[in-house]
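Starting from the known structure of chain W, fit chain L onto it as the hints suggest.
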Amino acid sequence: MPDRQFNPFQTIDINVPVEFHESFQRYCRRGAGSALDRSPFPRMIDLWFLALCVAVRLNLEPVERSDVKTWKMIDGTIFSSDPWRIHALMLIAVGCTQDVSVVAEPRRVMTLANGLAIAGLPRVLEMLQDGGGEPIWNLSEAIDGLLDGASVTGDS
Amino acid sequence: MKLTRAHFENFRLLRDLTLDFGCDESHPLTVIRAANESGKTTVLHALQWALYGDAALPGRGQEFRLHPIDWDTDDGSRVTITATVDFELTTHRRIGGRYRETRRRYRLVRTAVEDATRQFRRGPSSVKLFHLTEAGASPIEAPDSLIREELPPELREVFFTDGDRALSFIEADVTLSTKRDRVERAIRSLLGLGLIDDALRHVAKTKAEMNKKARGLDGSGRLSVVASRLDLAAQEEDRLRERLEDAKEQFRNVEDLVASTDRKIAAALQKGDREKLSRERASVKDDMASLDKQLAAAAREHSQLLTRSSLAFDLVSPTLSTAMDSLDDLREEGKIPNTTVPVLEDRLETNLCICGEDLDAADPQGRRRRSHIESLIRESRRADAIQELITDLYYGAKQLFPKGTERLASWRANYAQVARRRDDLEGLREKAGRQYRSLEDQIKLIPDTNLQGLRQSLAQYRGQRDRLLSTQATTETQLDGLRKERDSLERERDQLLRSKEKGARVLAGLDVAKDVETVLKGAYDRITDEELTKVSGLMNDIFLEMIGADPEQGAIIRRAEISKQFDIVVYGPQSRMLNPDRDLNGASRRALTLAFILALTRVSEVVAPNVIDTPLGMTSGFVKRSILRTAVRESTQLILFLTHDEIAGCEDILDETAGVVFTLTNPAHYPRMLINDPGVEERKVLRCECDHRTSCALCERRLDLFEESDQRTKETANA
Chain W
1 MPDRQFNPFQ TIDINVPVEF HESFQRYCRR GAGSALDRSP FPRMIDLWFL
51 ALCVAVRLNL EPVERSDVKT WKMIDGTIFS SDPWRIHALM LIAVGCTQDV
101 SVVAEPRRVM TLANGLAIAG LPRVLEMLQD GGGEPIWNLS EAIDGLLDGA
151 SVTGDS
Chain L
1001 MKLTRAHFEN FRLLRDLTLD FGCDESHPLT VIRAANESGK TTVLHALQWA
1051 LYGDAALPGR GQEFRLHPID WDTDDGSRVT ITATVDFELT THRRIGGRYR
1101 ETRRRYRLVR TAVEDATRQF RRGPSSVKLF HLTEAGASPI EAPDSLIREE
1151 LPPELREVFF TDGDRALSFI EADVTLSTKR DRVERAIRSL LGLGLIDDAL
1201 RHVAKTKAEM NKKARGLDGS GRLSVVASRL DLAAQEEDRL RERLEDAKEQ
1251 FRNVEDLVAS TDRKIAAALQ KGDREKLSRE RASVKDDMAS LDKQLAAAAR
1301 EHSQLLTRSS LAFDLVSPTL STAMDSLDDL REEGKIPNTT VPVLEDRLET
1351 NLCICGEDLD AADPQGRRRR SHIESLIRES RRADAIQELI TDLYYGAKQL
1401 FPKGTERLAS WRANYAQVAR RRDDLEGLRE KAGRQYRSLE DQIKLIPDTN
1451 LQGLRQSLAQ YRGQRDRLLS TQATTETQLD GLRKERDSLE RERDQLLRSK
1501 EKGARVLAGL DVAKDVETVL KGAYDRITDE ELTKVSGLMN DIFLEMIGAD
1551 PEQGAIIRRA EISKQFDIVV YGPQSRMLNP DRDLNGASRR ALTLAFILAL
1601 TRVSEVVAPN VIDTPLGMTS GFVKRSILRT AVRESTQLIL FLTHDEIAGC
1651 EDILDETAGV VFTLTNPAHY PRMLINDPGV EERKVLRCEC DHRTSCALCE
1701 RRLDLFEESD QRTKETANA
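Protein sequence lines correspond, in order, to chains W and L.
Each residue of the first sequence is one higher than the one before, counting from 1 in the numbering used here.
Each residue of the second sequence is one higher than the one before, counting from 1001 in the numbering used here.
Treat the hints with caution; some may be incorrect.
[Stated by the list, open to error] Heads up, simulated SDA-like pairs for lysine to any residue below, C-alpha to C-alpha not over 20 Å straight-line:
(1) 1293/L with 36/W
(2) 1293/L with 37/W
(3) 1213/L with 1224/L
(4) 1293/L with 35/W
Because the hints were derived from the structure by calculation, they are not lab data.
The shape of chain W in the complex, shown without the other chains (with noise of 0.2 Å):
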């Protein structure tokens, strides 16, 4: 794949409800050693984008939270740097809306993909805490669970 592809998002904001700021800020800082395994995300994009993938494992519906303040994460710029994302949002959107030409409509897919995120958000939240381990080890494991279908269901 071309470093430089064609990124559709880069103009649109990516907003976040303001009661996750400071998740994102204690689950994202990046640190060596022990503090690694207590904020285990790089960025905060990696954070937003592994809640959006939880929400279409689980079957989420997106939350739409016209009614909440909610702060900017960071712009679509973001994903040029990690051009495979941009795939993912498209192929995701094409996936749940089951219509091939939302793919023309990048503030629909961003839309969608946010309030997807939003919506997993919670479950990723709660998979860091629960456990006994550091974060990064309750999340993996949660993550494995998820992915051998063992644990973690989508009807919620």
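Chain L in isolation, oriented as in the chain W frame:
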């Protein structure tokens, strides 16, 4: 002489310490309970320094610091060291056919001043002796002579014995000649043969004077030449004898140094080689640093796993499959419109549709048709943009999320790998940490011994010993040659004297001197021989009694004796000679030397203390009890430094025989060995009145190091 009290100030660990000694004949034993490193050896040194001065210190005191090592120079850099020893002498005078016993009390005070800067310097010590009476203390002149008389310096090792030195009469570390010399000197000193020595010196002087007279009889003739040569030979002989004695004395001292350094090295190595352990610790530390780096890298990799496309793919694969299927369907069905825009645009330009109808905008029908084609162009353009996006997405997704075997390992497989590596590394890191802590503990337990320095010293001492041995051998050869020359000259001189008129008188004088010399030497040898037999017999009795309780040693040891050559020898069944170092166990070796010391003191009838450090080390059970009982019975004043282990099992004997018991404690043993914090910052030995059965807040000790280690583990766990 009996010691009654001692007080030390600023003598190494003894910053301010008073010791009392029992003098009661029915309870002749004084027990000073002290664990290892609680100042026992220091007390022995301090007592000997008080009595004999610097010559009694290790290395004759040359490199031996006396002031406390942690002396705070803010208190002044000049430190006054004082040792005070009170003792009593009992004399018996015959008055009117009856013996009257008189006891006199004395106080000996020795002081020295040391400069406590880095290179310590000590001036000569001064000593004063006082006679203590009800009226007060009156000074006594020449205190050294009284001490020499009551406690001859040659017998220092008999009166003041530490556990290791007790073996000096039989140990394998020193040469046979040194052992013999020690036994001979000890026996001859105790038997008071100094008088005969003085008489022999006097005879030698008389012979020299007679020779001088013989020289005067003959002017410059042959007799004068021979007599002069004899004078010179006598002078040379005196010089060589002095040199030989000096070399022997130095040899003995160096041998002691070799033996004690060897023991220090062995003891240090037994506890562990600090340098080797330090190297191991450094190596483990490097391993730990390397493992920490690997652990950090594995943690980073773990963190990166959460950002991988494989995780996204695995999580959303059902949805992705649907999307990919849709794209595949579109592609297969060809539902995405072909490129028609340029054709339609061309038609609009020519105002003629591909079906032949007019597309003129002025015509209403043409305008309608034209509007339809323009709508078709717009739709086609939009469909092309979507197609472009979908085509890009289709191929990009195929690359990103390949199906089947083309797919790279799943996230779960990656995670399992990283988790296993992190676990393995954590295990290795914990193991290395435990190893590091264990090495730290081992190093802490090893006294801060400079093994390298000790080995260098040992090599130097050995070199020095070899040189002294060579000096001895050369001097002895020279003396031998000189004796032969002297005998020949004496024969010639005597012949020449016989030919001279006045020579007969001088010759007669020389004959008398020779006869007296022969008699004196005979008496010397006879007394030595008789007393040697007595010491030997008593030593044998004491020794066999001491080891009688040990069936194993009892089975192989038949008797012990001191040979005519002053060797202490032990015999087994059928009079086979045993090697004390190889064939006797530690307890028997100790018993043998203690038996010799006690027998020597008893036969000499000298009333003197036996101060013995750790006499019961390496002994146990009945043998230990037997040694203790016999030693108490055979000594007029027995002062023992005993560790807690030595006391164990002998408490009832101490109840019965000990007049004075107290305990010395080194506060530096807290918290490792002492239970309570003594609250003392200086390094100093403290005394409490606890006896062999009691303990107090100061001297209460942990049973062993494991208890302390367990306690530390519990504290860590609680924390």
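A quick look at each hint next to the structure:
1. 1293/L with 36/W: 13 Å, holds
2. 1293/L with 37/W: 15 Å, holds
3. 1213/L with 1224/L: 10 Å, holds
4. 1293/L with 35/W: 14 Å, holds
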